[in-house]
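Trainee: The residues making up each chain are set out below.
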Amino acid sequence: MTYPEALQELVEEFQAVDDKRERLEMLFELADEVIELPASHWDEQTRVRGCQSEAHVSVVMEDGRIQFLSAADARMVQGLMGILTIALDGLTPAQAVLISPAFAEEMGLLNTLTPSRSNGFRNMYDKVMNEIRQSMEG
Amino acid sequence: MGLRDQFPILQRKVNGYPLVYLDNAATTQKPQVVLDAMNDYYSQSNANVHRAVHTLAGEATEGYESCRAKLKQRFNASKVIITSGTTEAINLVAHAWGRANLNKGDAIVLTEMEHHSDIVPWQMLAEERGVELRYVPVTQHFTLDMDAFEHALDGAALVCVVHTSNVLGVRNPLEDIIRLSHQAGAKVLVDAAQGVPHATIDFEAFGADFMAFSAHKMCGPTGIGALLVEPSTFETMQPFMGGGDMIETVTTEGSTYQTNEHKFEAGTPRIAEAIGWTAALEWMESFDLDAEHDRLISIASWVAQCLRDVGMEVYGRHEADDAAVVSFLHPTINSEDMAHLLDARGFAVRTGHHCAQPLLTRLGISGTVRASFYVYNTREEAEGFVAEIREIVEKFA
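Chains H and V supply the protein sequences, listed in that same order. Each number in our numbering comes from the position in the first sequence (counting from 1) with 21 added on. Under our numbering, the residue at position 196 of the second sequence is numbered 193, and the numbers go up by one with no gaps.
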């Protein structure tokens, strides 16, 4: 799988680390990369449903480019949001929807990408991509 | 061969570390004898049951019915319906007994400690039949409010209660609950999914009218469980699922049904799973379950205290009859993060609401981390778990 350059670099960076605990620590640091969606903006529209943690996302279009705002109470989920923030930065919706969720597996962070109650990332990714697709239709 | 050595999966590594499996309240691992029994069945005897006269069909029927016989013997029960698990067993009571015996104005007593599988079927029936649901609250000591329970019994037709909480490990005072319920004229259904792995229950002496449980929480296969039914109550149940195997005769005008447990087992049953479960039940006779339980609750109690010492909130009391389940939360480390950090070192624990949202709502939380111990877990594993938790707290709190 190939990704936009910034995401590809991150994938390779994670793949170079053998120890999963170290990879999680790297991920937790990336939680700071999100453009924070303030708690005052959290509502049922922004909530990632079916997520064990409290997680919220919002996709805003600015001059045809995506701005992705997010927040989660789990560092794990917010770290993955941080990666998605880096990945989506400056992309058009048409470019963004080509990003596969497989990066989370390839980075050795998740064991499965199957949508389920325990897969906060997949639920979050699907919601973000659906919102981006809707913005294309709109 | 030692008990632990009989579980091939416990030899594997996860993320480069030896697996420490502490998610036993979700499902237990399977000893080699269970894997062999299922493999032998598919390799040597696979056929459908109760129908054909050929040799394989006879072996399959014998294997399937041996499971029922073993369950009857182990639990001292005369009516054993084989189901897909606890959830189907409870749904079966709702459909086969509830629809035939409950009507508008009747009341069912539930508790806030129930697993969703012992709440949702009753909510569905209540909606269909106009039955009232009453919930017994859980106290701050993680026990049922027995005064509220007695109050709720007034005019109740059915009491549905969990034997042992899957979140707290608390074993409920079932002897009192059954006695009081019967005095009030109510039938009692016990969800024993977390109870039977830790204690051998004499169903007849116990006195419940229904008891539901699953094989996979006691070293048997997934996809199979049982509903034990008190004989006179059994006679008041109507068939729920129609199909092959549950009938006596079928004409274009109508059908007559079997009178035994087969009446509630329409379709080809879980034959390999039944054979695997029999092997698991026989295997569980190879050691002293009571002694194992004492060892495990001692480990759980020790772990709970160690976790409190590092600032965790622990939900549960860990008394002698409770299950070896430790649910906990750290004030600043998210439970999902905790589970991922533990997984990175080979520790398998559960996080989330554990399918018991009303209980967690009562406790004022949305989820916990849960470590649950079973017969193959060792003191050394528990010590490793505590050490890992200490390291995580030191680094991430």
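None of these hints come from the bench; they were simulated from the model. Quantities reported herein were computed from a predicted structural model and do not represent experimental measurements. Don't take every hint at face value.
Ranges of calculated distance between the beta carbons of each label pair, as one might list FRET restraints [unchecked claim]:
#, chain 1, residue 1, chain 2, residue 2, range
1, H, 113, V, 302, 42 to 48 Å
2, H, 126, V, 124, 37 to 43 Å
3, V, 69, H, 70, 42 to 48 Å
4, H, 155, V, 37, 52 to 58 Å
5, V, 361, H, 65, 18 to 24 Å
A few chain H residues that don't get close to chain V, going by computed Cβ distances all over 10 Å [claimed, not checked]:
#, residue
6, 56
7, 61
8, 65
9, 73
10, 74
11, 75
12, 81
13, 85
14, 110
15, 115
16, 116
17, 127
The C-beta atom is built at its ideal place from N, Cα and C for all residues, glycine as well.
Trainee: Now tell me if each hint is right for this structure.
Mentor: Hint check results:
Our hint of 42 to 48 Å for residue 113 of chain H and residue 302 of chain V is violated, since their Cβ atoms are close to 56 Å apart. Evaluation of the 37 to 43 Å hint for residue 126 of chain H and residue 124 of chain V yields a pass: the beta carbon distance comes to about 41 Å. The hinted window of 42 to 48 Å between residue 69 of chain V and residue 70 of chain H holds, with their beta carbons roughly 45 Å apart. A hinted range of 52 to 58 Å for the beta carbons of residue 155 of chain H and residue 37 of chain V is consistent with their spacing of about 54 Å.
About 22 Å separates the C-beta atoms of residue 361 of chain V and residue 65 of chain H, a value consistent with the hinted range of 18 to 24 Å. Against chain V, the non-interface label of residue 56 of chain H holds: every CB pair exceeds 10 Å, the least being about 20 Å. Every beta carbon of chain V lies more than 10 Å from that of residue 61 of chain H, the smallest distance being close to 20 Å; the non-interface claim holds. Taking the minimum C-beta to C-beta distance to chain V, about 16 Å, the non-interface status of residue 65 of chain H holds against the 10 Å cut.
Not every CB of chain V lies more than 10 Å from the CB of residue 73 of chain H, the least distance being 5 Å, so the non-interface label is violated. With a closest Cβ-Cβ approach of about 5 Å to chain V, residue 74 of chain H is found to fall inside the 10 Å limit, against its non-interface label. The beta carbon of residue 75 of chain H is not kept farther than 10 Å from every beta carbon of chain V, the shortest such distance being approximately 8 Å. Against the 10 Å criterion, residue 81 of chain H stays outside the reach of chain V, whose nearest CB is about 26 Å from its own CB.
Annotated as non-interface, residue 85 of chain H keeps its C-beta farther than 10 Å from every C-beta of chain V; the closest such distance is 35 Å. The Cβ of residue 110 of chain H sits about 25 Å from the closest Cβ of chain V, beyond the 10 Å cut-off, so the non-interface label holds. Interface exclusion of residue 115 of chain H from chain V stands, the closest Cβ pair being 33 Å apart, more than 10 Å. Every Cβ of chain V is farther than 10 Å from the Cβ of residue 116 of chain H; the closest lies at roughly 30 Å, confirming the non-interface assignment.
For residue 127 of chain H, the condition that its CB be more than 10 Å from all CB atoms of chain V holds, with the nearest at approximately 16 Å.
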